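Throughout the sequence shown, residue numbering follows this note's numbering, covering 1 to 152 in sequence.
To be clear, the hints were calculated from the coordinates, so they are not data collected in a lab.
Values in this document were obtained by computation on a predicted structure and should not be read as measured data.
Treat each hint with caution, since some may be false.
[Said to hold, decoys possible] The calculated label-pair distances, taken between Cβ atoms and stated as ranges, are:
1) Asn55 to Phe144: 24 to 32 Å
2) Pro35 to Arg11: 34 to 42 Å
3) Leu139 to Glu69: 42 to 50 Å
4) Ala29 to Thr120: 19 to 27 Å
5) Ala147 to Val127: 24 to 32 Å
Note that beta-carbon positions come from the ideal geometry of N, C-alpha and C, so glycine has one too.
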Amino acid sequence: MTKRWIRRTGRFALGFVGIVALMLVAAGAVDYFFPADWRPVEATVTRTRIKEFRNGTLEWALFVDARYEVGERAYEGRDIRMYSNPEIELTEAEQRDWPPGRTVALFYDAANPANVSRWTDGGRQGVAVVAALMVPVGLAFAFFLYAVFRRR
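Could you put the whole structure together from the sequences, leaning on the hints where they help?
Rendered as structure tokens:
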């Protein structure tokens with residue numbers, strides 16, 4: 001093994017460890033800044049509707065509005081996505097299973113009960129994964145811009 005190969009391997013390993021560390025920091029920041037205390041509540045569906053939804057490709061999503069109570073106060077969650085599918089017929093069939101009056105388990109933010117989610121953590125885990133994955137994408141974009149403008 002040559003010294004040059006060892007240096008290159010060391011730089012690669014250091015860069016890899018640095019990227020992983022930045023990914024962990026990004027996920028930790030989401031964990032720190034997003035609400036952590038989500039509590040279950042039984043809600044009653046008041047309205048449903050189907051809308052176009054883009055999740056990479058066009059899908060049809062079923063959104064519900066639901067009323068729930070925390071303590072003595074009533075709240076209404078709006079546009080809670082409960083189901084999505086690329087085929088509108090399947091989404092319409094799912095909508096028939098969500099009539100007004102149906103009960104559904106939701107989760108509210110203990111610090112702000114008006115904030116409601118269908119996820120037990122308020123969607124925090126998904127945001128943390130996206131934030132962590134955006135680190136290498138952002139770095140690659142930054143290096144690309146550096147390479148393009150360095151040549152000028």
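If you check the beta carbons of Leu139 and Glu69, does the distance land in 42 to 50 Å? With Cβ atoms ~46 Å apart, the hint holds.
Are Asn55 and Phe144 spaced within 24 to 32 Å by their CB atoms? Taking Cβ atoms as reference, Asn55 and Phe144 lie about 26 Å apart, which means the hint holds.
Is the hinted range of 19 to 27 Å satisfied by the C-beta distance from Ala29 to Thr120? 21 Å, holds
Could you check the hint for me, namely that Ala147 and Val127 are 24 to 32 Å apart, CB to CB? At roughly 30 Å between Cβ atoms, Val127 and Ala147 fall inside 24 to 32 Å, so the hint holds.
Lying within 34 to 42 Å: is that true of the beta-carbon distance Pro35 to Arg11? 40 Å, holds
In this structure, every one of the numbered hints holds.
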